[in-house]
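> From first to last, the protein sequence lines are chains A and B. Numbered according to this note's numbering, the first sequence spans residues 28 to 141. Numbered according to this note's numbering, the second sequence spans residues -15 to 98.
FYI, nobody ran anything at the bench for these hints, they're computed from the structure. Please note that the accuracy of each hint is not assured.
As the list claims (entries may be wrong) - Cβ-Cβ distance ranges computed for the label pairs, FRET-style:
#: 1; chain 1: A; residue 1: F78; chain 2: B; residue 2: T36; range: 25 to 31 Å
#: 2; chain 1: A; residue 1: A44; chain 2: B; residue 2: Q64; range: 47 to 53 Å
#: 3; chain 1: B; residue 1: P54; chain 2: A; residue 2: E91; range: 37 to 43 Å
#: 4; chain 1: B; residue 1: N(-6); chain 2: A; residue 2: I39; range: 29 to 35 Å
#: 5; chain 1: B; residue 1: S22; chain 2: A; residue 2: K85; range: 29 to 35 Å
To be verified - One side of the interface only, derived from the structure: several residues of chain A facing chain B at Cβ under 10 Å:
#: 6; residue: L40
#: 7; residue: Q65
#: 8; residue: Q69
#: 9; residue: K88
#: 10; residue: N102
#: 11; residue: C118
#: 12; residue: I130
#: 13; residue: F131
#: 14; residue: A133
Remember, predicted model here, so these are calculated numbers, not experimental data. Built from N, CA and C at the ideal position, the CB exists for glycine as well.
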Amino acid sequence: AQSVSQHNHHVILSEAASLELGCNYSYGGTVNLFWYVQYPGQHLQLLLKYFSGDPLVKGIKGFEAEFIKSKFSFNLRKPSVQWSDTAEYFCAVNGNTGGFKTIFGAGTRLFVKA
Amino acid sequence: GAGVSQTPSNKVTEKGKYVELRCDPISGHTALYWYRQSLGQGPEFLIYFQGTGAADDSGLPNDRFFAVRPEGSVSTLKIQRTERGDSAVYLCASSARGQGDTQYFGPGTRLTVL
């Protein structure tokens, strides 16, 4: 079955700490991978995406993610978080099988202490 | 420019009633998605439109749910005989062409079935 698993539901960090949010997926075929973010009171918005090519993808606000095909993973990283990174983060996958569904993980709530 | 808009922002209804939720996508976007998000979960795919046609409706939970997009722009999600379990935030997203493109999300409609 197609699925996305996010390992941590809640993460609390102090400012300047490094961040890594885990994401593993189960999906047959060629995949497109996404990280979306929802800041408090705002809409879901795209942080970064991977379609093909360089498995290390850089997104907005200093975030990056690495696609490791052998591990079915697409972990999100940021070297030094800021208070303004407090938000909920969703990993998602779609691709060339399974119709046109985009499958989202359950999300990780990040709280950054100032 | 204008983003995706959804109306109403909140809808409270009684069990057994019929509701319609509206989505106005970004102008020119041919792809439109509906998702349902329950508390503590990520968005759950419901249906995908490419133009006027539903290219994938495999996420609709049962035949009480129906969606239309008659002119390839505005879409309406219709729920008949609502049940308490239908309570959730219903999200709409649009993208320029299809699943490989960034999806732009609306603010959602919070549906509460009493």
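> Run every hint past the structure and note whether it holds.
So, going through the hints one by one against the coordinates:
| no. | hint | result |
| --- | --- | --- |
| 1 | A/F78 with B/T36: 25 to 31 Å | 27 Å, holds |
| 2 | A/A44 with B/Q64: 47 to 53 Å | 49 Å, holds |
| 3 | B/P54 with A/E91: 37 to 43 Å | 42 Å, holds |
| 4 | B/N(-6) with A/I39: 29 to 35 Å | 30 Å, holds |
| 5 | B/S22 with A/K85: 29 to 35 Å | 32 Å, holds |
| 6 | L40 | 21 Å, violated |
| 7 | Q65 | 9 Å, holds |
| 8 | Q69 | 8 Å, holds |
| 9 | K88 | 16 Å, violated |
| 10 | N102 | 17 Å, violated |
| 11 | C118 | 8 Å, holds |
| 12 | I130 | 7 Å, holds |
| 13 | F131 | 3 Å, holds |
| 14 | A133 | 5 Å, holds |
Violated hints, listed in ascending order, are 6, 9 and 10; each of the other numbered hints is respected by the structure.
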